[in-house]
Amino acid sequence: MTPSRSVRIVLVVLFLALLATPIAIKRLSAWSETGKSTLDASQALARYGFYFQEVARASGINFVHQAPTLDHQLDHIMPQVASMGAGASIVDFDRDGWQDIYLTNSGEGSKNCLYRNQGDGTFKDVAGDVGIADLNQSGTGVSMGAVWGDYDNDGYDDLFLYKWGRPELFHNDAGRHFTRVTEQAGLPQWANANTAIWFDYDGDGLLDLFIGGYYAEDIDLWHLKTTRIMPESFEYAKNGGRKYLYHNLGAGKFEEVSAKVGINSRRWALAASAADLRGSGHQDLFIANDYGVSELYFNNGKEFREVGEETGVGFAPKSGMTAAFGDVLNQGKYAVYVSNISEDGVLIQGNNLWVPQEGTSGDGLRYENLARALGVEMGGWSWGMQFGDLNNDGTLDLYLTNGYVSGDRNKSYWYDFSKVAGGNSAIIGDAKNWPAMEGRSLSGYQQKRVWLNDGAGRFNDVAQAVGATDTYDGRSVVFADLWNRGVLDVIVTNQRGPLLIYKNTVAPENKWIDFELEGSVSNRSAFGAEVKLFWNGRQQVQTVSGGSGFCAENQRRLHFGLGRTPQIERVVVRWPSGKTQTVDNPLVGQVNKIKEPA
Amino acid sequence: MSESTSRPVAYAISSTGAVTARRKIRFDNRYVAPLFITTILLIGHLSYGILESYKKTALAIAISIITELILGRVFFGKWLNLASAYITGISVGILVRSPAYWPYALCSAISIMSKYVLRVKGRHIWNPSNFGIAVLLFLAPETMAVLSIQWGNNYWSLLVIWILGSIIIWRARRFHISATYVAAFFLFAFLRSWIIGHPWQAEVAPITGPMYQLFVFFMITDPKTTVRSKMGQCVVAFFVALAEFFLRLDQVVYAPIFALFFVGPAANLLEMWWESRRQKGAVATA
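From first to last, the protein sequence lines stand for chains F and Y. Under the numbering used here, think of the first position of the first sequence as -8, with each following residue one higher. Under the numbering used here, think of the first position of the second sequence as 477, with each following residue one higher.
Derived by calculation from the structure, the hints in this document are not laboratory data. Warning: the hint list may mix true and false statements.
What the hints assert, rightly or not - The list that follows gives simulated cross-link-like pairs (lysine-lysine, DSSO-like), each with its CA atoms no further than 30 Å apart:
#, chain 1, residue 1, chain 2, residue 2
1, F, K229, Y, K531
2, F, K324, Y, K531
3, F, K216, F, K17
4, F, K17, Y, K531
Work the whole structure out from these sequences, hints included.
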């Protein structure tokens, strides 16, 4: 039996229609994206309710990140290996009410900077004056990032600096000076770490410290004994650095307890963040790993249980670069965003937005990836990101930076990269097998993403329209209200590039409310405390975090956009100690300072 | 291996009436290839969790089977054996990498439909999944890529797959195709290394990945889309490797997929032309 001519024609038409489908989808997708073209400030303000103006230099910040120069055996792939270290964290180190910026540098001998906010719109680098600048000396490794937390509850945030090298802990002496206390604390001699967070995992009121290793800790990247230092697999590597969990014993002493509490991973950690995902009163730990699956550790206050696969977030291996929590759907629940790598025609991982599945909670919590459905999936070679309400409309938006190595614009390293990345561990794991980069780009010059939440379950990229137009190789993103105006400004670090400060101007009709929490029974930094805000029939939860995103820490102050004519119904604060506090009559348009009741 | 077959492949199979009882307990050779590819998937997934998701792989298989059922009914007036559609679907499910669902469904549908639409003298000329994947790589590179990373670092699972695969295609009398291709790949890898000055390990690296396991065992050996003579099959396999060599020099990431996409049909068309010419010559002589 052979089909009739008309059946054949129908079949051919159908076949052609199938072939045309990808083109139709592409067209449809391009048509639905409205924020791709640049707008002037007034147009952006009218259309999206905010716009950015890059003001780093105008504010007195001329920081340009320097990358390290590692062992000469890595010369041929140096840009690829020495590709991190531009970290940023926000702290009010002197408690003057203005957010300051600490930046890590990574060139040997380069200086880290602490830009003190002078309150007049300008910043001054005081890192040298207070003793936390010269931390990249030869033989000690170079900085990767920093997190601030008040580990001794004296009211001043202390500094933990993680490096490819010797990590350092500095005690903040009342905002005037910093004293190095690394040895007393008992920190490791060497760790090639790319993430660390402060959190009080056992709820004893003292901040503990998690450190996530990237390269194995026995590797000195400046004096290689072997070139077999690379990941053994592009997506299944378990030969990375170990993890550390330093339990705070008080009096400036810490005890390393990772194995004891069940954290034994040797995946290549790039980002970690903690939040109480199950309402258990304990902060669970999320780790985004490069070259593998993400890990989620449920914490019962004494032990951790890895539940990545069980919950869905650790099933498909990708290249996790960042991790941050946000109540993106205003449901009073945290979603987790993990950035990954995508390059047209080569590797399409897509970023993940893990949202709690309807009807799951507690130990039965399950996540589903809604990045595609919500429109926050494709971000190039993605790095740091943060959630925050950029236009104060009452929903969390998302800022994502990206770009790996911007070299020769006309020559790409992707082919050679993919060639080796697909090889057996014997090949991929040895740096000498990697072809020389020779100045070529690898996902360079990428456009950033500013995904604006429309409040109806869809994000729209408006980066170009609102002025986030740079194409540097972005790394960290942090949010802070640098000028105390009730808006979130965006600070972006760039590898081998300048620091960018996107000063945010928001439509004044959108209102806001901020909360600054201070623990008493709980840790004084209030890390892990969460504020649930109910207004106009809506709700949103945010948590105070001791590290979020890629090599980043946001301001501790929690910022809520409220939209127009807000009516606050109630504000509930849940402290790490377990106490719940209802805030009476919080002031809109103000920073509400809340101290934990004794 | 038998991805595009809709009828049993002429593998070595017992056919005497006396072996009826044996046939009941012996495995039908049509199912060797599906079983093998399923084994690869299971080894890969249970060892390393290679699948993007169960749902996406299931979708690819389901669409492939449904399309085959419908078109088989329309074209041949009967319900076809689904072994080949299963292989196409599972190949798509393993090889396609996309966060979206639609590329899995679309790739499967295009792959199967290509068998029915792109026919010359009653023969389809492209390996179905090779066609579907190549077309989508060309049309939707921003949404879809192909599995190009290794599954893991366990040499044993790798070894098991290569040995098992070799045994099975040996049994199917197609080992010469894979062997020729692999030998040519290595030859050209060393040649590339010499030409461009990259470490030979970098040039050899791709064949140690899972994409090549599927490519070597299932795509280039497809009986319905390879030429008939044994020598011709070896020559075609060599030319696939040669085309891949040039594509790799031009830094085409999915060089083997595109090499087979171009060389496979060209070889088939050439064979058809040659046979037609020979038949005409024979008729003229008669």
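Q.
To test your reading of the hints: which numbers does this structure violate?
A. 3
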